[in-house]
Amino acid sequence: MAEKYVPGEIEPKWQRTWAERGLFRAPDLPGADKFYLLEMFPYPSGRLHMGHVRNYAIGDVAARFQRMRGKAVLHPMGWDAFGLPAEQAAMERKLDPKQWTFDNIAEMRRQLKLLGLSYDWDREFATCVPEYYRWEQLVFTRMLERGLAYRRKSLVNWSDALQTVLANEQVIDGRDYKLGEPVVQKELEQWFFRTTAYAERLLAGVEALAGAWPERVLLEQRARIGRSEGTEIRFPLERPAGDAREIVVFTTRPDTLFGVTFMSLAAEHPLAFELARGTGREAEVRAFVEKTRNDLRRLRAEELTKDGVFTGAWCTNPATGERVPIYIANFVLMDYGTGAVMAVPAHDQRDFEFARKFGLPIQVVIEPPGGTKLDPAAMECAYVEEGRQVNSGPFDGLPNTEGMRRITAWLAERGQGGPTVSWRLRDWCVSRQRAWGCPIPVVQCDACGVVPVPDDQLPVLLPQDLAFDVRGGNPLARHPTFPSTPCPKCGGPGRRETDTLDTFVESSWYFLRFCDPTWDGGPVRHDRVAAWMPVDQYIGGIEHAVGHLMYARFYHMVLKDLGFLPASVPDEPFARLLTQGMVCKETYFTLDENKNPVWHYPEEVIDGKSKLNGAPITVGRVEKMSKSKRNVVGLEAFVERYGADTARLFTLFAAPPEKDLEWRDEGVEGCWRFLARVWRIANEAAGTVRAAPDTVPPGDLPPRWQALRRLVHQTTRRVTRDIDGRFHLNTAVSAIMELTNAVADAVAATPDPARTTCAAEPDPGPAVLREAILTLLRLLSPFAPHLCDELWQRVGQTGTVLEAGWPAWDEAVAADQVVTVAVQVLGKLRGQIAVPVDAAEAQVVERAKAEPNVARFLEGKKLVKTIFVPGRLVNFVVK
RNA sequence: GCCGGAGUGGCGGAACUGGCAGACGCGCCGGACUCAAAAUCCGGUGGGCCCAAAGCCUGUGAGGGUUCGACUCCCUCCUCCGGCACCA
217 MAEKYVPGEI EPKWQRTWAE RGLFRAPDLP GADKFYLLEM FPYPSGRLHM GHVRNYAIGD
277 VAARFQRMRG KAVLHPMGWD AFGLPAEQAA MERKLDPKQW TFDNIAEMRR QLKLLGLSYD
337 WDREFATCVP EYYRWEQLVF TRMLERGLAY RRKSLVNWSD ALQTVLANEQ VIDGRDYKLG
397 EPVVQKELEQ WFFRTTAYAE RLLAGVEALA GAWPERVLLE QRARIGRSEG TEIRFPLERP
457 AGDAREIVVF TTRPDTLFGV TFMSLAAEHP LAFELARGTG REAEVRAFVE KTRNDLRRLR
517 AEELTKDGVF TGAWCTNPAT GERVPIYIAN FVLMDYGTGA VMAVPAHDQR DFEFARKFGL
577 PIQVVIEPPG GTKLDPAAME CAYVEEGRQV NSGPFDGLPN TEGMRRITAW LAERGQGGPT
637 VSWRLRDWCV SRQRAWGCPI PVVQCDACGV VPVPDDQLPV LLPQDLAFDV RGGNPLARHP
697 TFPSTPCPKC GGPGRRETDT LDTFVESSWY FLRFCDPTWD GGPVRHDRVA AWMPVDQYIG
757 GIEHAVGHLM YARFYHMVLK DLGFLPASVP DEPFARLLTQ GMVCKETYFT LDENKNPVWH
817 YPEEVIDGKS KLNGAPITVG RVEKMSKSKR NVVGLEAFVE RYGADTARLF TLFAAPPEKD
877 LEWRDEGVEG CWRFLARVWR IANEAAGTVR AAPDTVPPGD LPPRWQALRR LVHQTTRRVT
937 RDIDGRFHLN TAVSAIMELT NAVADAVAAT PDPARTTCAA EPDPGPAVLR EAILTLLRLL
997 SPFAPHLCDE LWQRVGQTGT VLEAGWPAWD EAVAADQVVT VAVQVLGKLR GQIAVPVDAA
1057 EAQVVERAKA EPNVARFLEG KKLVKTIFVP GRLVNFVVK
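Using the working numbering, you'd call the opening residue of the first sequence number 217 and step up by one each time.
Simulated from the structure, these hints should not be mistaken for lab results. Remember, predicted model here, so these are calculated numbers, not experimental data. Just so you know, even glycine gets a beta-carbon here, dropped at the ideal spot from N, CA and C. This list has only true hints and no planted wrong ones.
Estimated spans, in silico, between C-beta atoms of each pair:
hint	residue 1	residue 2	range
1	E802	D681	44 to 54 Å
2	G587	G442	30 to 40 Å
3	G442	F1084	44 to 54 Å
4	D1032	V637	54 to 64 Å
5	A663	G689	22 to 32 Å
6	A235	D910	28 to 38 Å
7	K1095	A964	47 to 57 Å
8	E569	N829	50 to 60 Å
9	D881	A1058	55 to 65 Å
Start from the sequences and build out the full structure, keeping to the hints where you can.
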């Protein structure tokens, strides 16, 4: 009896061996056969969860696979180490954020190493070290010079509880993502990156990535960029407001220009107060603007009814010359288009509602097809469909689609507007009022204004002695010495910027830094980056579909334009993207007196009752693993019990990578059993494999062995194709399981050579079995590398499976000789026949007709047509 | 509201480009081994008709269509999931 499969014994041993032999070290300068595989690097929270395991297991299969195929693979790991949790820990538990972060990194690294992932650990770095963030500061100053970074007052999501500005995605229902405290709109001086300047290029990139990135991500990015073709129209003001003599609007419906009955401006529109001046309506306008600005963002979209106020000012419709009253309206957004909208109540639902509320006229200019007349007084909603122009002067009678073009051209001719493109994309606000981040390298000087910190004074180091004990505010701003510094230009007193950069900036270029993480001649080393970029395969969570993936694409383009990257690097940093699904698990709960769920760990459920309070347990939904839902599976306990190979295999087998995965203990058991089975089979066959010749004898094999050999080659082909590019890892595992089943049968039927007395004639069996088992170990090794290396050694091979390389298949061996052809009559299956793969059509049809059950259905019928699909089926169409 | 995606056995999921639906795994049922259990091994397993077998019928969310043939293509509808959401 062979010894038991004990992963706890073999896994550490092989991890040590791999490390000693430096198997995962990437070359500095690879050739053309390079493969850069990257998983999104983690925030060092201190705990590795199953979502990480899944992400990295998927990546590791690809990395090992490519390596075995002879590619030079770069597979690095690092830490997205700046961010709020460190600061939170500092405040709540009086810890040093740096210490806290590095302790977490040490812990997570230790856990990661339990999994046997093929990282080049020599390239590891954390983004919170000055050797990294100093380059971000340098780049910032260059962006400032080019106008790609700028400062302006802006309305931001301000969390009083967190004392910082939040990104829109960090605000959920008007509350912050972290504590759930209210978020308010506040006007602050903020730093921005000019992403809008790259809108066109970012969109072009999205189109170019079709097929290489998940369609869903591209869709979301396209929506975020929001390119919209329309018309710009200038409405002259009756009386100038300050310097302004006109109001410019953007519209996608220029065809409705003759139906404009009022004008709507956003509350934040710069002319809002100016227009009201001297009209006697100042107070009313001011009150409305204040109220609207202070409304929560959430309320603006969902719960607000149309509201507004007349400014007292008028402009002129450039098409009709009619007077148009100017309103401030709560539904007009300042950061889209021009912040001013020409209102056509007859043909826009929002304008319609507004007009009804304020008793403004409704002028129909598009009539529905079929000659029905629209009566403004009787309309219940705006008519937004296509139709014919009416009341539109020279354009009457035209289809409105034609009207759009003609009116736009007409305006352009008269200098009153013209075609334009509007974008939804906004500039990226990169300011954070936090201390644990990359300091923004500028100094404010009363005399010189905003002055970038000169290169020779970089980096601006984060002070080591930040005081986090006082809740609220930015510790950097409160630091005794940090904020005060001489102006680099005039030497006079200056104030150092105390905002830090959004942590999305660090994650926007870390993949470049991995190409040479210790380079001190600039952010990246040109020749290394030229050799490794782009990332051939990027893998991470769908939650970064727009945020990180948009920022990184933008920043990469900026670095290229600023000359920090060689020109040969393509615009797009990530050639292929895989977004993996979440790891979920069943939940259990009871209800408390307020009918709120009380979540239970599985071990707190006994016979359907709660161990805590005896109440009956409800089996809840399958939800993303989270501590709060108590449906997490601890990594370390798991590895201790089943080993890393089972953890890896299960996360890869239970679902396709891009779909959500439901964690089931029975499924885990199944994977464990499979690996234990491979262990037994290989151990049992070890003697045979060691003794067998290393090539299969030429010539015909007995059918049983030929079948096994064919399956070996077919499986190699299947697994290769499943992994390569397609990432059908679950079906790759299925194929390996099938091969294992066949090998198990063969092993059972093969006597141990040690106990066999000299055979009468040479038996090809051992050689075929040897090929089968060695191939099986090679195919399985990216999924369960420890087990395979151990068995590789036990069956008499030297070195590691990784070094042995990926198996090739022989198409001739893989080719089926005999195929089963389905025989149908009128599309219904009536029989199956086995025929040689190259059998002629006539022959196959003959055999098919002769099949008794088929003949039964053909009898007495007239054969109308015979469909023949070689190697697949014959279908008789009868009457 | 708009834009996507997905609905296949008891469960997770397979099925190339329109060609034998349900691979592989889990679960379940039966058997072997065992004093017994665990582990392991062997067999069965969409539903129905039939004593049984052979065979037949039926079956991929619902309804229709195209086709010799549809999980796959087209139309209508239902459900679930995701994204955007006053974008002028």
